[in-house]
Amino acid sequence: AQKITQTQPGMFVQEKEAVTLDCTYDTSDQSYGLFWYKQPSSGEMIFLIYQGSYDEQNATEGRYSLNFQKARKSANLVISASQLGDSAMYFCAMKTTDSWGKLQFGAGTQVVVTP
Amino acid sequence: NAGVTQTPKFRVLKTGQSMTLLCAQDMNHEYMYWYRQDPGMGLRLIHYSVGEGTTAKGEVPDGYNVSRLKKQNFLLGLESAAPSQTSVYFCASVGHLNQPQHFGDGTRLSIL
Chain A
10 AQKITQTQPG MFVQEKEAVT LDCTYDTSDQ SYGLFWYKQP SSGEMIFLIY QGSYDEQNAT
70 EGRYSLNFQK ARKSANLVIS ASQLGDSAMY FCAMKTTDSW GKLQFGAGTQ VVVTP
Chain B
34 NAGVTQTPKF RVLKTGQSMT LLCAQDMNHE YMYWYRQDPG MGLRLIHYSV GEGTTAKGEV
94 PDGYNVSRLK KQNFLLGLES AAPSQTSVYF CASVGHLNQP QHFGDGTRLS IL
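Here the protein sequences come in this chain order: A and B. Last residue of the first sequence: 124 (the working numbering), numbering continuous. Last residue of the second sequence: 145 (the working numbering), numbering continuous.
In isolation and in its complexed conformation, chain A is listed as follows (with noise of 0.2 Å):
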């Protein structure tokens, strides 16, 4: 069975640092793909960065980068020079490439901004 962990209920961070968001998963499957999701207080889910299993590089949007340890299993997000909108639920979500599109998700991490 595949699972998504997310050890972080919760972080504080202050404006302009940089915050590390943990996700694990485990899974048998070689080709799967890795999505973080934000969701702020209004509800939506907001799409952000995705890791494909093959991929060599870590994938990077804008502020947001993906740190890819395919042999341990993590791919945790760091948000650089963070920012009081940044304070959101932050989802790690998995799919394999037989799943049809399903998503597993973990329990999300609450980040909060502050001054």
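Be aware that a few hints might be false.
So the derived list for chain B, only partly shown, Cβ under 10 Å to chain A, looks like this [stated by the list, open to error]:
id, residue
1, TYR64
2, TYR66
3, GLY73
4, GLY91
5, PRO94
6, GLY96
7, ALA125
8, ASN131
9, PHE136
10, GLY137
Across the chosen pairs, the derived CB separations fall in these ranges [claimed, not checked]:
id, chain 1, residue 1, chain 2, residue 2, range
11, B, GLU85, A, VAL121, 12 to 22 Å
12, B, GLN132, A, ASN67, 30 to 40 Å
13, B, MET60, A, GLN78, 11 to 21 Å
Some residues of chain A that are not near chain B, with every Cβ distance over 12 Å (derived) [what the hints assert, rightly or not]:
id, residue
14, GLN15
15, THR29
16, ASP35
17, GLY71
18, ASN76
19, LYS82
20, SER89
21, GLY94
22, SER96
23, LYS104
24, VAL122
Keep in mind the hints are simulated off the structure, nothing from the lab. The structure displayed is predicted, hence computed values, not measured ones. Note that CB positions come from ideal geometry on N, CA and C, so glycine has one too.
Please build the complex by placing chain B on the supplied structure of chain A, with the hints as guidance.
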């Protein structure tokens, strides 16, 4: 550019009542999904569809039914609502499986 639209946004039901949640997407996406989100948990898959006329069970399908009679619409039905189905429901769609899913804004459902 509507994307994925869910109706209604809020609803309160009494135990035993039935209702249908509608998800509509205007991106011609093949794949559609229904998830529920409960406090302290990530989203969990209820049902999904890999094309018009097809549906399949996800992780937590009990108490729900779905239909996809038209490619752009994916309906989630509760035949006899129970308090345990109080949750926020999200619909999502994707055109190609290596792309991120697009989510609707969610439906907050309370069952008394």
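Now for the hints, and whether the structure bears them out:
1. TYR64: Nearest chain A Cβ about 5 Å off; hint holds.
2. TYR66: 7 Å, holds
3. GLY73: Holds. Min distance 6 Å.
4. GLY91: Interface hint status for GLY91(B): holds (7 Å vs cutoff 10 Å).
5. PRO94: At about 12 Å, which exceeds the 10 Å cut-off, the nearest Cβ of chain A leaves the hint on PRO94(B) violated.
6. GLY96: 19 Å, violated
7. ALA125: 8 Å, holds
8. ASN131: 7 Å, holds
9. PHE136: 4 Å, holds
10. GLY137: 8 Å, holds
11. GLU85(B) - VAL121(A): 12 to 22 Å: 43 Å, violated
12. GLN132(B) - ASN67(A): 30 to 40 Å: 19 Å, violated
13. MET60(B) - GLN78(A): 11 to 21 Å: This hint is violated: roughly 34 Å between Cβ atoms.
14. GLN15: The claim is violated: GLN15(A) sits with its nearest Cβ about 8 Å from chain B, within 12 Å.
15. THR29: 19 Å, holds
16. ASP35: 15 Å, holds
17. GLY71: 15 Å, holds
18. ASN76: ASN76(A) clear of chain B: closest Cβ-Cβ about 19 Å, beyond 12 Å.
19. LYS82: 17 Å, holds
20. SER89: Check passes; 21 Å lies beyond 12 Å.
21. GLY94: Holds: least Cβ distance 18 Å, greater than 12 Å.
22. SER96: About 18 Å separates SER96(A) from the closest Cβ of chain B, which puts it past 12 Å; holds.
23. LYS104: About 7 Å separates LYS104(A) from the closest Cβ of chain B, which leaves it inside 12 Å; violated.
24. VAL122: 21 Å, holds
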